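**Q** We have chain A already, so just place chains B, C and D on it with the hints.
4 protein chains.
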Amino acid sequence: MRLDDTDRLEAFSDGVLAVIITIMAFGLRTPGGFSWAASRTLLPSLLVYLLSFVMIGIYWNNHHHLLRATEKMDGSVMWSNLAVLFWLSLVPVATSWVARFPHHTLPAAGYGIVALGAGAAYSVLVKCIVAVNGVGSRVEVAVRRDLKGKLSLVLYATGVALAWVNPTVSYALYVAVAVMWFIPDRRLASATTETD
Amino acid sequence: MRLDDTDRLEAFSDGVLAVIITIMAFGLRTPGGFSWAASRTLLPSLLVYLLSFVMIGIYWNNHHHLLRATEKMDGSVMWSNLAVLFWLSLVPVATSWVARFPHHTLPAAGYGIVALGAGAAYSVLVKCIVAVNGVGSRVEVAVRRDLKGKLSLVLYATGVALAWVNPTVSYALYVAVAVMWFIPDRRLASATTETD
Amino acid sequence: MRLDDTDRLEAFSDGVLAVIITIMAFGLRTPGGFSWAASRTLLPSLLVYLLSFVMIGIYWNNHHHLLRATEKMDGSVMWSNLAVLFWLSLVPVATSWVARFPHHTLPAAGYGIVALGAGAAYSVLVKCIVAVNGVGSRVEVAVRRDLKGKLSLVLYATGVALAWVNPTVSYALYVAVAVMWFIPDRRLASATTETD
Amino acid sequence: MRLDDTDRLEAFSDGVLAVIITIMAFGLRTPGGFSWAASRTLLPSLLVYLLSFVMIGIYWNNHHHLLRATEKMDGSVMWSNLAVLFWLSLVPVATSWVARFPHHTLPAAGYGIVALGAGAAYSVLVKCIVAVNGVGSRVEVAVRRDLKGKLSLVLYATGVALAWVNPTVSYALYVAVAVMWFIPDRRLASATTETD
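Residue numbers (my numbering), protein chains in the order written: chain A, 42 to 237; chain B, 42 to 237; chain C, 42 to 237; chain D, 42 to 237.
Hints are computed from structural coordinates only; laboratory data are not their basis.
The structure presented is a predicted model; accordingly, all values stated were derived computationally and were not measured.
Just to be clear, a hint being listed does not mean it is correct.
[Unchecked claim] The calculated lysine to any residue pairs, modelled on SDA-like cross-linking and capped at a C-alpha distance of 20 Å, are:
(1) K189/C / G116/D
(2) K113/C / K113/B
(3) K113/D / N102/C
(4) K113/A / K189/D
(5) K113/A / N102/D
(6) K113/B / N102/A
(7) K189/D / G116/A
(8) K113/B / N103/A
[Claimed, not checked] Taking CB as the label site, the calculated pair distances span:
(9) L91/D / T209/B: 36 to 42 Å
(10) L192/C / A217/B: 37 to 43 Å
(11) G74/A / G73/C: 44 to 50 Å
(12) A78/A / P85/C: 36 to 42 Å
(13) D115/C / G74/B: 42 to 48 Å
(14) G73/A / P85/C: 28 to 34 Å
(15) G73/C / M221/D: 31 to 37 Å
(16) T209/D / G74/B: 36 to 42 Å
(17) L87/A / T209/B: 23 to 29 Å
(18) K191/C / A78/B: 31 to 37 Å
(19) G175/C / G74/A: 52 to 58 Å
Here a beta-carbon is modelled for each residue, glycine too, at the ideal position from N, C-alpha and C.
Bound conformation, chain A alone (with noise of 0.2 Å):
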């Protein structure tokens, strides 16, 4: 593979990502009447879509730094990107289900568990890229202690369990993991200034 298929995967996820935002918006269910009582549903809806808009923001922008730093790719790069990109387009329907029912423990359980996915899947893809730039490489130097990534998923798996005791919490956690990456990847943004 040559190098601009590295821009071709990036310009492919990003549009993939885009329409994931656009289309999980796009699954707010317009309210069925038009009173107070009618509109009143959508404020869970509200919420839990901004939550996965940030999620996905968060994931565009990561990706973004990351592939900046990826000087060679293959098929297992290729191929641990769509993972990424097929949990993360799980997103709009776990929404969706969360924005109906939000007190129940099924689709806190199941938004969780996309979200581990698409964490697990992006760790995969980090380790696939790892390997095919080798150690020492820029991209290997920047992500070599990888904190957050393992909290995320620690922090999503228990959000999937506590569902069973109150989703509430469940969300909790998933807020949580959204606000400590919602600073952008400083060791993957450095990297990437440093050298060019």
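**A** Positioned in the frame of chain A, the structure of chains B, C and D alone reads:
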């Protein structure tokens, strides 16, 4: 961040806007019959869709000129840009709500709140860009007097409030904002022409 | 505006067209059963979808050749281009209306009105581009005789009128336009070849 | 047509594929409840979605390698490429039909017909590209023996026929094709590597 991050931010935003415009049309419900009566419900849908289409078109155009005049960006620009996209992604739902209940207060007010949110987020985006690029930069000079931006926010807020009096007045105000912006932002257009 | 604004206009238009094509297929309703009877309703849907798909494909191709021959643009080009996209964005709804009620007057006429609107907007776009680029410019020479464009509008208008006589005749006329344009616009294709 | 027409064809195709993948996930119906019973209906949906996702991923990858090896194109390439996109755009509807009625003949056969149509259109696309680029061209050498392509068509056709015997056998054959293509097309990959 490197300069071509601006291009990527613009490409991603363009992608989201392209999906918003198309999905909004898709949200126009196919008439449930083939008679004049069944198809007459299309008219209010088409009018509000046209308004939303023009609104998105205006954002697309101004956003383009804004980013072209931008030389530097950072995380605050990226996130305030995502905030603009977040609010604009709610336009299809607001459009479809108004299309279904055009004569009621809450849909008319809700549409205005979404427009107000997008306008406010755009103002924040402009502020973040100016903060990064500094006083005297090309983009700062171009947006120094943002009368139209401020007036839009006032008109949208008035429209929201007047939805409790008469929704038609609200729509008139929203249309007024669209007409006002229809002419492309000459300040930024000339700024890009002068320098390149 | 700078020259690469043309590229961006084309990229944005391509994005909208890509979403229109895909969302139109998504609008084909999944058969509500698994029997021959349930799936037979798919056939008219598929035929009208095929017609709309070819129509969008033709616009995509001709639009590409048109913009490639275009050297200068301004706000009027941008807005007439958005008008083309506005009309084309109604194609999925018109398609889905015809798919549901293929034997009735209003859906058949509605489809033709959307096609007529898109065709008229495209003519305006061509006029705006010629006005900006001037008589004798590459693009003006290429589009000087626009017989096919004018004939399309006549055929579409006839189709709309004849929907009150027999919808099948309308569809035949719409198909005739598609067949006529199927061959790419050689004038523009050769214009771009000559100069580059 | 100029060489960068290939890039634009690829960008447009990528856009369509990105929307197909995302819209297909959106077609997964949000469970209508929050109980195990309500959510269990998700499993067949997820499995068939996974199969379709991998299928689109494979097309994306092979299409990319094919176009990279392509030096010249004309109208026949453009239209046969649109034919591939046409068939692939039917994948979300076929997927959603199978997801709803996984144990019946017609949905299983319909899915195979769509896959067969896409595969046949892809073969035609390859033939058109070879015809334009000539015997001995890089792309012609790369695709000279197209065993996998021919075998896929046979397997899909067999799957369609066997849907009347047992839909599960059809799905097994469709999965077999996906597994067979999962490994990227080394012929084209090496062709691009050799020359660049």
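**Q** Out of the numbered hints, which ones does the structure contradict?
**A** Result: hints 2, 4, 9 and 11 break, sorted rising.
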